[in-house]
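Once you have looked at the hints, place chain B on chain W.
Number of protein chains: 2
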Amino acid sequence: MESKKRFFLKVTAVFFLVSWSSIAQKDYKLWMQYDKISNAEILSKYKASVNGIVSLENSATAKISSNELEMALNAMLDSKIEVKSKIEAENSIIIGSESVLDAEIRTQLQKDLTLINEEGFIIKSILFKNKKQIVITGKKDIGVLYGVYSFLRLVQTHQPIENLNIADAPKTNIRILNHWDNLDRTVERGYAGFSLWNWQKLPDFIDHRYVDYARANASIGINGTVLTNVNANALILTPQYLEKVEALANVFRPYGIKVYLTARFSAPIEIGGLKTADPKDVSVMNWWKEKAKEIYKRIPDFGGFLVKANSEGQPGPQNYGRDHVDGANMLADAVAPFGGIVMWRAFVYSEHDANDRAKQAYAEFVPYDGKFRENVIVQVKNGAIDFQPREPFHPMFGAMPKTPLMMEFQITQEYLGFSTHLVYLPKLFQEVLESDTYQKGKNSLVAKVVDGTLDNHKLTGIAGVSNIGNDLNWTGHPFAQANWYGFGRLAWNPYLDSGVIAEEWMRATFSNDEKFINPVKEMMLKSREAVVNYMTPLGLHHIMDTGHHYGPGPWVSNLSRPEWNPVYYHKADKNGIGFDRSKKGTDAVGQYAPTVANIFDNLKTCPEKDLLWFHHVPWNYKLQNGQTLWNGLALKYQEGVDQVKEMQTTWKNVKQYVDPERFDEVEMLLNIQYKEAKWWRDACLLYFQQFSGKELPDGVEKPTQSLDYFKSLQFPFAPGN
Amino acid sequence: MESKKRFFLKVTAVFFLVSWSSIAQKDYKLWMQYDKISNAEILSKYKASVNGIVSLENSATAKISSNELEMALNAMLDSKIEVKSKIEAENSIIIGSESVLDAEIRTQLQKDLTLINEEGFIIKSILFKNKKQIVITGKKDIGVLYGVYSFLRLVQTHQPIENLNIADAPKTNIRILNHWDNLDRTVERGYAGFSLWNWQKLPDFIDHRYVDYARANASIGINGTVLTNVNANALILTPQYLEKVEALANVFRPYGIKVYLTARFSAPIEIGGLKTADPKDVSVMNWWKEKAKEIYKRIPDFGGFLVKANSEGQPGPQNYGRDHVDGANMLADAVAPFGGIVMWRAFVYSEHDANDRAKQAYAEFVPYDGKFRENVIVQVKNGAIDFQPREPFHPMFGAMPKTPLMMEFQITQEYLGFSTHLVYLPKLFQEVLESDTYQKGKNSLVAKVVDGTLDNHKLTGIAGVSNIGNDLNWTGHPFAQANWYGFGRLAWNPYLDSGVIAEEWMRATFSNDEKFINPVKEMMLKSREAVVNYMTPLGLHHIMDTGHHYGPGPWVSNLSRPEWNPVYYHKADKNGIGFDRSKKGTDAVGQYAPTVANIFDNLKTCPEKDLLWFHHVPWNYKLQNGQTLWNGLALKYQEGVDQVKEMQTTWKNVKQYVDPERFDEVEMLLNIQYKEAKWWRDACLLYFQQFSGKELPDGVEKPTQSLDYFKSLQFPFAPGN
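Chains as they are written, first to last, in UniProt numbering: chain W, 1 to 721; chain B, 1 to 721.
Isolated chain W, as found in the complex (with noise of 0.2 Å):
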């Protein structure tokens, strides 16, 4: 190891020698690299087909759709195209909403715009007084915006623009980041530097990375952001940030933006001067109402806010012998006059409940089905536990019909390696959304309860936790950007391929090279089986170590709360592992639809990806492959590691067609994920090993470190705890 180490430290010296001119902007411009198109054949096709970009609306979004055009298409085109205000030569690229729009083309358009929503746009190629044009229109001018990044994203990827014929509009309301930034800039979870937000230079010093930012989000769709750590500050609400707050909504406005906080629910006691913060006491709600009047004065499109109460020691209208019902009621009163929303979260489990922890959300939450007023969403993650490489997806999905809920994702890897692993999560996400929830028969999708069609909610959304650091690339792994940018095609539309996401992201990112995106792509789409592999296969889940969450610790047992434990999520003994809750267990399975339930319950129909979520099972027990148990987790350790190896094998066939800088920092973290694959086996192998009292099996590289060695291991100054 040692020697390869110093090896592999000199070899990278010399690629540096490279300069630096190109570095930070390679990484730092995500899937916007607008390189020039160095195909003769598609340049000229696109360049017969682009004379020109006719700009009709003025409004402060306009103008960023027609710089925005203007600026991509002269770099992938490599030519000057103009931006007018009038129509004159063919093949322009027209751009203005619906109402700008001359009143023949509004006629041409008036069926597609029936098919769109306000977010919505068209793009379409039209003759106009018998001029062939390019039409990018939509309700709004975001809605052109919108289509104006989906135009690009045309040409990104080397699609035909001769006869385009496109309606396309977001599926769901609410696309948003939530963003665990603590107002020292700290991120919890956060593994890309730290907080965009600069809040001591705020408001008067509006750093480019926030327009950047918008510009990145706007170009995938998403408008919301949640500025605040969901474990909250009541600072944010005092007038001396929420004039910063202003600042930062006033730059993300036009690119269609809105800003959401976090609210402490004992804010009315810490910054309020108030005895208490009982939703049902009136001084506490006039509180929150003045509250809500102070911020939309100063934001008038202020979004709302999110919410996690009575959820591992933050204050919640519980602390009042009040029910989560009181707490959202009373603050979506608070926003409801100015159009702004709750977003609740349904993360709860409590140290007080006996019950298993995947049951407890549920159980809290179902009842109140019907109970939350209108513009009060009800967030829940996509599994019952907690962002694990896999989850089952969450019962409550389907299971308050009268409720809106919000799926909430984590883009950063808090369970899935930080930003050092390549872990493809649009993968995990797609396998949530496409999950059959059974809920209203066959074909209840989770993707349909998300997006309002299975209990016709109007209130809809998607909710990522967000990737985004100040690191140059802004995520921490250049392949983590994919993450960022496959959450936002998600948000827009649930049903998108996670395999068509990757490969438009790869030649928007990196190159249109076939010899690249297939390899590449399926490196991707593999990835997220890998680390499920190496960390917790079968069905294992929360075996993280202690608090950072970084690296394995099966063996941790000594934490107050029995279920922050590993081995309350493991139960591995004598008899076998994994944690029994079907019918005969702690019945988790009941709270699915009876199909669901059956499947799940019965251990040989429980997709054995799920097996040790719902099942204690036999050290002996046969796996469809013939393998014991035992010896199938083991070999499924070992194909993790081997998976990554292979990833390792795939980025250095591509070389030719990556940067330099970018190459370089891929295969550096690649070498790094090999290393922690390898330690999460050997560590998790040799202490489940102490419970089977078996051998590895043949296939399975023997540990080269004791037990005793990894659970040493010690990480005071991991990110992001």
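If you are wondering where the hints come from, they were derived from the structure by calculation, not from laboratory data.
It is possible that some hints are incorrect.
Which copy? The list can't say, so a pair holds if one copy fits it or any two copies do.
Claimed, not checked - With a Cα cut of at most 30 Å, we get these calculated DSSO-like pairs of lysine-lysine:
{"no.": "1", "residue 1": "Lys297", "residue 2": "Lys675"}
{"no.": "2", "residue 1": "Lys36", "residue 2": "Lys80"}
{"no.": "3", "residue 1": "Lys655", "residue 2": "Lys84"}
{"no.": "4", "residue 1": "Lys702", "residue 2": "Lys140"}
{"no.": "5", "residue 1": "Lys63", "residue 2": "Lys652"}
{"no.": "6", "residue 1": "Lys139", "residue 2": "Lys47"}
On a predicted model such as this, the values are computed, not experimentally measured, just so you know.
Relative to chain W, chain B alone:
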């Protein structure tokens, strides 16, 4: 104010519609923009003089030299200048250290080479086989690299290169940055984001910025870096972290930069398992010896330790009844076998010492003169208190002839407006360096203490507390880059003029246009006096708010240690204001050489800029300009505000010479600086007025807020605290 601010935000929003392509680049590239030369005449002259590069050497450092030269010249001259290994064509730039030069060339340069030391360089136009060539050489490859950067600086600043004859070498051995970076990546007194050192991803992930950091430092001759905070954490000395330090040392080595660490004095207890850290205890001595051996095994050229001991709560030898000599020498003995050094800080003052804080370091350290080991250098801050906008030079300079003393400047603006205020610090540095200590008669300049010529020391150095963080632009303020640059240039040569340095920096960073250079240079050179005027005129000091030191806090009087309170320093009362350090007072003047002491001691000869540093002066005292002290003080505050207003005007007038992004950034920051200059003026004058009992004189704007308002301001998450 309110309406102005809103207008301002709108304006910037429009600016920001510009594409992002240039943003990261310009700001990120520091003084190494290497822009194409737009002046055709100059360009053609350079092209005529530079035909190719001949690189004679193969070391990692030599490769950096040739790559840098190739990349920069190709960019600036917009041509294809290639690197060859043999001299063929005319007008080549021949680079290589003395030993690899062709014998005939070496003979030509023999005399020149006697003029430089091991790190020096020669740049000379020669005839070789009747062809005109430029040779860049030195005794070692690192000298060649410094020569390359020096040559590039000529081109960056549009100097002629036809008949070059330059011999230059650094005047100090240790030109070093002190990073007050913690292991959690917070930076004490850091205002440019967070630490560059990503300890979590090290050693296997080498961030590109590490290389760019090294390049930037090498380009100005910085040859050392202390990676960790002087308020040290012993964990940096554990194998887990030393492996990471080693990786950074490997990156920095070819750039001529040695790595140093801060040594927590109690490390033998905290990570060594010993019961004591007594420097006379054999087990402690051995522990450090073994630790040094361990470090040098990894990093053969490790620089050594920087130590803050028995200072502001840090552990040290006095905890065991020993003294600074015992502590420093014990560590020095540990690193001596490997050529390491110990930089022992003299920044000490005690809560148990009733003596004037300004006197304590001198009182404690001067008696130790001659008692330190040869490889110890005592690091002394530029003034006797703590990095104030202005302090008289530290009386220790020149007072310890038998001990090497190192200068410690603070590049980060702890007391000078964080990274929001434009303050060109080389002006401050120069003022200190050219101060005459008179310790060996007239012309015993501080610079001569620092470069060792006054007392014939071989070990010499200048340290700068870094202002570098992970902000896109490295330093938080585009003009704060000039402070990093200027520090490096003065560390190389403490006799350089700060105006010359400013001009170099501006040309390399922004523009060679005289219409930009002249006004902006004037702005930079005046900026330091401006901050003195609006914060602490006439010798006032340390009246910043508590802890974070952001904004004024002259009223603070409740801190546990008397010398932490602003009232301790200004001593304002009905009779007057200022700290009486004259012979009738604390006799701090007595620590200077008699000539200097007499000047400071006498109210009439004491420079007015230092007046209240040395004297408690009646409110009605007549200043040289005929004003009373009260009126003069108030007018100085106003003058500071007016100077910032002028800076704003200057900047607006050079808009056409600056890229929109950086123009905009600086404009926003100047707006904040103006607002904060008024805050300083109003808060301080309202507070001092309570004692003077006098009206503000004509010409001083009336405060718009009350003293209570200013006292009420709180900054709970101010950075760097």
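Between the shortest in-copy and the shortest cross-copy C-alpha distance, which are at most 30 Å for Lys36 and Lys80: within, between, both, or neither? both (13 Å within a copy, 22 Å between copies)
Classify it for me, Lys63 with Lys652: is the Cα-Cα distance of at most 30 Å met within a copy, between copies, both or neither? This pair counts as between: shortest inter-copy Cα distance 25 Å, intra-copy 42 Å.
One pair to classify: Lys702 and Lys140, alpha carbons no more than 30 Å apart. Within, between, both, or neither? neither (62 Å within a copy, 49 Å between copies)
Is it within, between, both, or neither for Lys655 and Lys84, if the alpha carbons may be no more than 30 Å apart? between (42 Å within a copy, 27 Å between copies)
Please work out whether the CA atoms of Lys297 and Lys675 approach to 30 Å or closer within one copy, between two copies, in both situations, or in neither? between (53 Å within a copy, 24 Å between copies)
As a check of your reading, is Lys139 near Lys47 (CA-CA no more than 30 Å) within one copy, between copies, both or neither? within (28 Å within a copy, 57 Å between copies)
Comparing the model with each earlier hint shows a violation of hint 4 alone; every other hint is respected.
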